[in-house]
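For the protein sequence lines, the chains are A, B, C and D, in the order given. Sequential numbering of the first sequence, starting at 1, is according to the numbering used here. Sequential numbering of the second sequence, starting at 1, is according to the numbering used here. Sequential numbering of the third sequence, starting at 1, is according to the numbering used here. Sequential numbering of the fourth sequence, starting at 1, is according to the numbering used here.
Don't take every hint at face value.
Identical chains share a label here; the pair holds if one copy fits it or two copies do between them.
In silico lysine-lysine, DSSO-like type, Cα no more than 27 angstroms apart, as pairs [said to hold, decoys possible]:
| # | residue 1 | residue 2 |
| --- | --- | --- |
| 1 | K103 | K117 |
| 2 | K92 | K108 |
| 3 | K108 | K30 |
| 4 | K132 | K61 |
| 5 | K11 | K132 |
| 6 | K92 | K51 |
| 7 | K103 | K132 |
| 8 | K117 | K3 |
| 9 | K79 | K9 |
| 10 | K9 | K30 |
| 11 | K9 | K61 |
It is worth saying that the hints were derived from the structure and are not from the lab.
Single-letter residue listing:
Protein chains: 4
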Amino acid sequence: MKKIETEFKIKVEFYDIDPMNVVWHGNYVKFLEAARCDFLSKLDCTYMDIKDEGFAYPVAKMEMKFISPCVFMQNLVVKTCLEEVEPSLNFKYTIYDENTGEKLFSAKTMQICVDIKTRKTVYNAPKILLEKIENYEG
Amino acid sequence: MKKIETEFKIKVEFYDIDPMNVVWHGNYVKFLEAARCDFLSKLDCTYMDIKDEGFAYPVAKMEMKFISPCVFMQNLVVKTCLEEVEPSLNFKYTIYDENTGEKLFSAKTMQICVDIKTRKTVYNAPKILLEKIENYEG
Amino acid sequence: MKKIETEFKIKVEFYDIDPMNVVWHGNYVKFLEAARCDFLSKLDCTYMDIKDEGFAYPVAKMEMKFISPCVFMQNLVVKTCLEEVEPSLNFKYTIYDENTGEKLFSAKTMQICVDIKTRKTVYNAPKILLEKIENYEG
Amino acid sequence: MKKIETEFKIKVEFYDIDPMNVVWHGNYVKFLEAARCDFLSKLDCTYMDIKDEGFAYPVAKMEMKFISPCVFMQNLVVKTCLEEVEPSLNFKYTIYDENTGEKLFSAKTMQICVDIKTRKTVYNAPKILLEKIENYEG
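Work out the full structure, taking the sequences as your base and the hints as a guide.
The following block contains the structure:
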């Protein structure tokens, strides 16, 4: 499969920070979702487009590794890489400090395609997604 | 109108706390929503029941006063008081420390009744809500 | 006092959206905080700079008006206007749709200056903040 | 090592729900944290007690499996089981529907002990934690 990787910038906000003065670990889930939606936008195939075809992509599994803490106003880059489309949609993510390039965090997500009407899992990706991946030029 | 007031208990979680070691001010909106839903449950008239009648109650206005900061693991009581039902659903809230009784926070919300189908504002409350208020025995 | 107004752009994320398919009302508090921090960055006087002078600025009061709902992937502009610096730091905010210019939301916040060591309220703004406002050129 | 398992109840709030009308996947991180803090409270050894000994326990790794979606007002039980204390603090979690007993979610977290002063990782657990585990009677 074609390897596609995008970059998404995030600035750490005050509301992301916990009493240890670092990003609260649960907030990385938001960073990953924002980066993934940005990936799909760049692919020209958003959740809305996929929904219009009758499918949804709930997250079924995720793994996160917290390598080095992020702090208030730090500029981050999330690299999002599509690993697999079928039978599930798998992404890999790495977060770096925008300035130093230091690796701070990594994660993986697995999303299952669900037919919205029947509520059943579908193991073939929607055509629209496969086509957009095929035609993606970066 | 009948005066109805309920109490709802909250324990401050680690994820509620900000770098100043106090509850982040935006998290009070969650406390108010939880207390309001608890109020409606006790009234036996949840958002689901209201939705089944074709109406939704989006928040149109809110005011919050942060009197004294709340800390990790603090036990809070939210007193929720129904102030008005028509033309809008108005609640008043006060948060106290469960142990000392100290007043820590107060707020008001105004919710507008919307007909889900037509998307129009409705100035008369849904019958189900009026009846439940009428029959509430505390 | 000098009138200073900044603009901050936000794209609505999936995690901002509630079951009514609009931004959950509590998430506007995050939008306001991000816009306010951006304002202070542009002024070259962040919370960190103020903290270095021994002061903090907790939010003491806020008011929000939800005019028209915001949806997934909508591009928003938050206009943040400094209204008062003493005896409290007051901002006014308006959120517009970036494309149509439609006004969607407005808010006010009042922040109290606190001496971090003594925990007492201070009614004169820290010098650094007054100077930065004085010297701001936009 | 002694096997310790606790149960913690959660009611799904409106603000936990996403546009698919199910709990947004990132909110499970909050459920796990609340359940873990409850575990440590029952052990009589909270983060505060550990901090007083000079140590913190940031989450270094986590894995989540989303088995079946949770809905608004659903009553959940989080079972939290201590798996390992040294060299890292590992918990396993399972979320069930309180009424049906259906398994909805499972997760694992790994936390690293950090000496707050030196910022270095410590591979032996703080004495206070080992003692409280030893003396726990359930």
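Against the structure, the hints come out as follows:
In the homo-oligomer, the alpha carbons of K103 and K117 lie at most 27 angstroms apart only across protomers (24 angstroms), although the nearest pairing inside one protomer, at 41 angstroms, exceeds that limit. Both within a single protomer and between protomers do K92 and K108 lie at most 27 angstroms apart by alpha-carbon distance, with minima of 5 angstroms and 19 angstroms respectively. When the C-alpha separation of K108 and K30 is checked against a cutoff of 27 angstroms, the pair qualifies both within a copy, at 13 angstroms, and between copies, at 19 angstroms. Proximity of K132 and K61 under a CA criterion of 27 angstroms is satisfied intra-copy only: 24 angstroms inside one chain copy versus 33 angstroms between copies.
For the homomeric pair K11 and K132, the shortest alpha-carbon distance between copies (23 angstroms) is at most 27 angstroms, but the shortest distance inside one copy (29 angstroms) is not. In this homomeric assembly, K92 and K51 come within 27 angstroms of each other (Cα to Cα) only inside a single copy, at 23 angstroms, whereas the closest approach across copies is 34 angstroms. When the C-alpha separation of K103 and K132 is checked against a cutoff of 27 angstroms, the pair qualifies neither within a copy, at 30 angstroms, nor between copies, at 35 angstroms. Taking the shortest Cα distances, K117 and K3 never come within 27 angstroms of each other, neither inside one copy (31 angstroms) nor across copies (44 angstroms).
Taking the closest pair of Cα atoms, K79 and K9 come within 27 angstroms of each other both inside a single copy (9 angstroms) and across two copies (22 angstroms). Within a single copy, K9 and K30 get their C-alpha atoms as close as 13 angstroms, and across copies as close as 18 angstroms, so both meet the 27 angstroms cut-off. For the identical chains of this complex, K9 and K61 are neighbours both inside a copy (24 angstroms) and across copies (23 angstroms), given an alpha-carbon limit of 27 angstroms.
Checked against the numbered hints given earlier, this structure breaks hints 7 and 8; the rest are met.
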